[in-house]
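Based on the sequences and whatever the hints tell you, model everything.
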Amino acid sequence: LGNISVAVCQGDITTDQSDAIVNSTNSSFDLTQGMVSRAILQKGGPTILQDCNNRSGPVNTQEMRITNAGSLQCRYVCHIVTPNSIKDIGSILVKVFQNVDRLGITSLAIPALGTGKTFKEGETCSRYVTWSYVDISKSLTKFSNRVNAALEQAYMVSLSVTCLNPLNQPPARLHFPSGWTSMNDNMDKVLVNPGTQEYIQVMDKFNASGPFTGSHIQNNRIIQHKSQYKQFMAKKNEVTERMKKSNNTAEVVKELFHGTSFDVAEKIYVQGFDRGYAGANATVYGKGVYFATNATYSNNYAQPHPTSKHRKMFLADVVTGEFCQGNQSFISPPTRSNATNRSELYDSVVDNISNPTIFVVFKDASAYPKYLLTYT
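Quick note: the sequence shown uses the UniProt record's numbering, first residue 1, plus one each step.
Hints are not guaranteed to be accurate.
Per label pair, the in silico range of CB-to-CB distance [to be verified]: (1) 193 with 42: 29 to 37 Å; (2) 327 with 305: 12 to 20 Å; (3) 30 with 179: 38 to 46 Å; (4) 340 with 310: 18 to 26 Å; (5) 305 with 55: 22 to 30 Å; (6) 84 with 45: 26 to 34 Å; (7) 175 with 30: 39 to 47 Å; (8) 84 with 193: 35 to 43 Å; (9) 54 with 247: 45 to 53 Å; (10) 195 with 255: 15 to 23 Å; (11) 296 with 180: 40 to 48 Å; (12) 234 with 195: 54 to 62 Å; (13) 193 with 337: 24 to 32 Å.
Please keep in mind that the hints were generated in silico from the structure rather than gathered at the bench. Bear in mind the structure is a predicted one, so any value in this text is a computation, not a measurement. Ideal Cβ positions, reconstructed from N, Cα and C, are used throughout, including at glycine.
In structure tokens, the structure reads:
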């Protein structure tokens, strides 16, 4: 379906390695009820329940709450209220797609909704299909019933299902950075030993771009987050291939700084960068996630802890790709100048085209928090 691949798989959704999985729950979002919810909590741990109950995830509505994934192999869990009617499944899934796209998610695992507690047959659910098209205003418009029937009939005649990711034949494994230490969980913060080449390189970059001295550094931790890294690499590879085809030799990824508060730093470690935090710091070039070439700029937004006075700053890998001048009104980058259709957007926006020092990205998958610095 265009650049979207659909796979039909059988297995345990709690072991799925997609960026996000969907969980169907009740209207009170009681995750202790239901077999799948309980299995997710058992394998993912209590932080999922805390996120859901506290509404501290990136999306919280009456129909949907998106939380962290705890110890699961995915990055997010999309908890949706089970529709009363099979016909309502389509509308809630559209909202799921819209929200996960905002988060930069590139793969999503959806169970056969309506086939559990409500005792609806999967075959019956599959019949409720409505074909739509994207009009000039980028809105979904339904085809007429007659055209819809013709499309569905043609699709049913020609449809062949290919299991792109069968559970008994997993895809080629992504190689994580060689410097990572072994870990049993999905994520970890590992102290970088002072005196190592890695530590010296990070400290030199930090000290060279700000009024800091090495004695101010309390510790430097490397972020090892499997699901975030997979999502970032998928985005990086996508942009790299596109720029290669157009013979664009510009740098795809830059190493940039991002300063923030203690509590948000922990959320970034667990969930990744989230443009939902835009507005807490700066929005002058758009409502996205801000990164800087200079640690001095990021230091302005690294709020000191009220008691220890320590600050937090990330050194991140950021897919900057093709960029343009930023604007305060932007909620996404504009269409690229060399685009063949309006959906082909710039990868980032900047403060100054000729000499950029600030980069703003609007897809959460466009940045990976590689190092977390604690300093005074």
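Residue 195 paired with residue 255, Cβ distance criterion 15 to 23 Å: Hint holds: Cβ distance 21 Å, inside 15 to 23 Å.
Confirm or reject the claim that residue 175 and residue 30 have a C-beta distance inside 39 to 47 Å. At roughly 40 Å between Cβ atoms, residue 30 and residue 175 fall inside 39 to 47 Å, so the hint holds.
Mind checking the hinted window 40 to 48 Å against the Cβ distance between residue 296 and residue 180? violated (30 Å)
For the pair residue 84 and residue 193, does the Cβ-Cβ distance stay inside 35 to 43 Å? violated (57 Å)
Do the Cβ positions of residue 340 and residue 310 conform to the proposed distance bound of 18 to 26 Å? Taking Cβ atoms as reference, residue 340 and residue 310 lie about 49 Å apart, which means the hint is violated.
Whether the CB-CB distance between residue 84 and residue 45 falls inside 26 to 34 Å: Distance hint for residue 84, residue 45 holds at roughly 31 Å.
CB-CB spacing for residue 55 and residue 305 relative to the 22 to 30 Å hint: Holds, at about 25 Å.
Honestly, do residue 193 and residue 42 meet the 29 to 37 Å range at C-beta? holds (36 Å)
Between the beta carbons of residue 54 and residue 247, is the distance compatible with 45 to 53 Å? Check passed, 49 Å falls within 45 to 53 Å.
If I claimed the Cβ atoms of residue 327 and residue 305 lie 12 to 20 Å apart, would that claim hold in this structure? Violated, at about 34 Å.
Satisfaction of the hinted span 54 to 62 Å by the C-beta atoms belonging to residue 234 and residue 195: Violated - the Cβ-Cβ distance for residue 234 and residue 195, about 35 Å, lies outside 54 to 62 Å.
So does residue 193 sit 24 to 32 Å from residue 337, Cβ to Cβ? violated (46 Å)
The structure fails hints 2, 4, 8, 11, 12, 13 (numbered hints given earlier, in ascending order).
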